[in-house]
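Visitor: The residues making up each chain are set out below.
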Amino acid sequence: MSFKTKVGSLNSYEKGSIDLNDDLRHYAFSNIFEVANAAKPYERVMVASNLEYAAEVVRAEGTSAWYTAPHDEFAIVMDGEIEFTFFQLGDDQKPTHQAGAIKINGEPKGKRMGKVRARRGHEVLLPKGAAYQLSAIKPSVCLIQTSAGPESVERWSKICVLD
Amino acid sequence: MSIASVKLIASAPDPVLGYKKFQFGSFTFERDMYFVHVSWPKGTHTVEVDRFLRAMVRDIGWGFFYGWIFFDDVFGTQNHYGTVDIYAGTYSKGHRDTGVDFLETFNTDDVRVAFETISINWINEGYDPLRAPMETGSPLGPKTRDAAGPLIRGFEPARRMMGLPGDTKPRSDASGHPINRAFADMTFDKPDIEIEPGFEDQVHAFNLFDHIARADVTWNPSFTSITRACICCVTSEEHMLPVIHGNDRNEWFIQLTDEIQWNIQDKNTGNPRGRIVMKAGDVCAMPADIRHQGFSPKRSMLMVLENGTPGLEEKYAKGELEPFPITASRW
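If you read the sequences in order, they're chains A and B.
For the first sequence, the working numbering assigns the number 1 to the initial residue and increments by one for each residue that follows.
For the second sequence, the working numbering assigns the number 164 to the initial residue and increments by one for each residue that follows.
Possibly wrong hints are sitting among the right ones.
[Said to hold, decoys possible] Each computed DSBU-like pair below joins lysine-lysine, with the alpha-carbon atoms no more than 30 angstroms apart:
(1) A/128 x B/461
(2) B/461 x A/103
(3) B/461 x A/6
(4) A/15 x A/138
(5) A/6 x A/103
(6) B/461 x A/15
(7) B/256 x A/6
(8) A/4 x B/442
(9) A/115 x A/138
(10) B/461 x A/111
(11) B/353 x A/15
(12) B/332 x A/4
(13) A/6 x B/184
(14) B/442 x A/138
(15) B/353 x A/40
(16) A/94 x A/109
(17) B/353 x A/115
(18) B/442 x A/15
(19) A/115 x B/461
(20) B/205 x A/4
(21) B/332 x A/111
(22) B/170 x A/138
(23) B/353 x A/128
[To be verified] For the chain B half of the interface with chain A, some residues (derived, Cβ under 7 angstroms), not all of them:
(24) 213
(25) 223
(26) 370
(27) 391
(28) 437
(29) 488
[To be verified] Derived coverage of chain B by chain A (criterion: at least 3 residues anywhere in the stretch with Cβ under 8 angstroms from a Cβ of chain A; other residues may be distant):
(30) 268-274
(31) 442-454
The hints are simulated quantities; they were obtained by calculation from the structure and are not laboratory data.
This one's a predicted model, so the numbers in the text were calculated from it and none came from an experiment.
Where is the CB? At the ideal position from N, CA and C, for every residue including glycine.
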């Protein structure tokens with residue numbers, strides 16, 4: 001017997017269903033690819049929120065701004081190919097906010113740390129206190145494990161199944 | 164709360180079947196060819212042996228997890244993070260109404276030792292309750308030989324991120340974990356990584372799907388990355404979750420591949436609330452006031468985001484936090 005594994009993509013996904021005798025807002029049921037299809041490039045749309053922590057969907061297309069966070073973040077590529085470039089920050093650029101990703105002004109002033117080119121299923125460390133930039137030639141999708149922060153976008157009523 | 168230490172008392176092996184009978188506090192545990200019989204001062208409950216052992220080894224491996232682990236609708240454990248309740252009928256209306264429900268609290272280490280001792284005696288060579296049922300072998304029949312190898316495995320958590328220098332390693336052919344038959348149609352490549360000297364512990368990536376596809380266990384979370392107290396757990400799911408999990412906090416499920424069907428119940432009463440079908444790319448919260456049990460028709464990949472902040476369970480239990488993640492003002 002051979003198996004056929006089903007994965008989703010921007011161009012092809014099948015959403016499941018939620019049929020509950022309960023307030024569906026308590027479950028915040030959404031789909032990563034549906035969210036990414038409706039998002040602007042590099043918006044960080046929250047799809048999971050657990051008190052201060054979050055998972056954000058990012059539609060990668062073209063080149064992003066430079067971001068940094070005061071804690072580790074982790075990106076899992078769900079569709080396409082994304083290049084992540086890492087630099088150290090200058091002393092005057094290091095994050096001083098509490099949590100989540102923030103854009104930095106201009107270019108990072110520190111040393112080049114390296115880069116990762118990642119495809120579906122790859123998990124990438126976005127290290128604490130470093131600058132990172134995403135770029136993708138074709139529209140791609142990643143999910144970022146992080147904390148809610150200044151760049152987090154909440155639009156639960158638009159992304160979740162409510163009836 | 165200080166709890167007196169309780170030790171497991173084992174009988175001599177049964178002269179016919181060869182298994183030991185165990186006394187732990189007010190509970191007794193006895194198995195025969197097909198069933199486990201749990202007795203307490205007010206009653207007895209019988210569970211099919213495969214179901215019981217698949218639940219028990221996971222309960223041990225998960226460290227009693229977050230909240231309630233129902234082996235079935237009657238018997239289970241609740242984690243208080245230092246102590247563990249073992250209950251029978253406490254969350255079953257029929258048992259409560261007839262007054263035969265029972266709950267006893269033990270030190271966590273005592274329960275762990277007791278459950279490990281019972282499992283080791285009752286698991287025979289050739290039966291592996293951590294695998295999917297088609298790979299598990301049979302627990303039925305008399306005692307043969309103790310199973311070789313570790314009772315539990317696959318639970319070592321990453322400290323920062325799997326694959327970093329000094330951290331846990333992803334599964335591989337070299338570690339004895341071939342790609343599971345259910346993911347043989349997938350291709351697995353490695354990310355392209357360029358690291359400048361001195362940044363080996365900062366620039367890192369690995370193939371998460373490859374790691375999951377090689378799991379030799381099912382419904383066993385593998386902690387792969389940690390953001391402060393936010394834990395990313397990934398698991399390989401096939402057949403049914405061998406327990407019903409009652410949440411003491413909110414958690415989030417992210418379906419990475421294929422499909423899982425979830426039955427949702429009220430946590431306290433067990434009354435059905437309905438059903439959720441999650442397909443690849445779907446995201447869904449599991450609120451703090453439910454029980455859930457998953458059914459995966461084909462082996463699938465699931466990511467679970469947990470909030471491991473100490474003391475959260477008390478805040479939810481006292482009503483200081485609402486039992487769902489997205490509060491009204493955010494809609």
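Visitor: If a hint holds in the structure, say so; if it doesn't, say that too.
Guide: Verification of the hints:
1. A/128 x B/461: 37 angstroms, violated
2. B/461 x A/103: 41 angstroms, violated
3. B/461 x A/6: Holds. Residue 461 of chain B to residue 6 of chain A sits at ~10 angstroms (cutoff 30 angstroms).
4. A/15 x A/138: Since the Cα atoms of residue 15 of chain A and residue 138 of chain A sit roughly 23 angstroms apart, the hinted pair holds (cutoff 30 angstroms).
5. A/6 x A/103: 35 angstroms, violated
6. B/461 x A/15: 17 angstroms, holds
7. B/256 x A/6: 40 angstroms, violated
8. A/4 x B/442: 14 angstroms, holds
9. A/115 x A/138: The given pair, whose Cα atoms are some 18 angstroms apart, holds under the 30 angstroms limit.
10. B/461 x A/111: Cα-Cα ~47 angstroms, so violated.
11. B/353 x A/15: At roughly 28 angstroms apart (the allowed maximum being 30 angstroms), residue 15 of chain A and residue 353 of chain B satisfy the hint.
12. B/332 x A/4: 27 angstroms, holds
13. A/6 x B/184: 46 angstroms, violated
14. B/442 x A/138: 24 angstroms, holds
15. B/353 x A/40: 28 angstroms, holds
16. A/94 x A/109: 10 angstroms, holds
17. B/353 x A/115: Satisfied, since the Cα-Cα distance of roughly 14 angstroms is no more than 30 angstroms.
18. B/442 x A/15: 6 angstroms, holds
19. A/115 x B/461: Violated, at about 36 angstroms.
20. B/205 x A/4: Distance ~50 angstroms between residue 205 of chain B and residue 4 of chain A Cα, so the pair is violated.
21. B/332 x A/111: 28 angstroms, holds
22. B/170 x A/138: 62 angstroms, violated
23. B/353 x A/128: 23 angstroms, holds
24. 213: It is violated, given that the least Cβ distance between residue 213 of chain B and chain A is near 23 angstroms, above 7 angstroms.
25. 223: Given a least distance of 26 angstroms, the restraint on residue 223 of chain B is violated.
26. 370: 5 angstroms, holds
27. 391: 6 angstroms, holds
28. 437: At 4 angstroms from the nearest chain A Cβ, residue 437 of chain B passes the 7 angstroms test, so the hint holds.
29. 488: Given a least distance of 5 angstroms, the restraint on residue 488 of chain B holds.
30. 268-274: It is violated: at least three residues are needed, and the region 268-274 of chain B offers just 0 whose Cβ sits closer than 8 angstroms to chain A.
31. 442-454: holds (count 9)
The structure does not agree with the numbered hints 1, 2, 5, 7, 10, 13, 19, 20, 22, 24, 25 and 30 stated previously, though it agrees with the rest.
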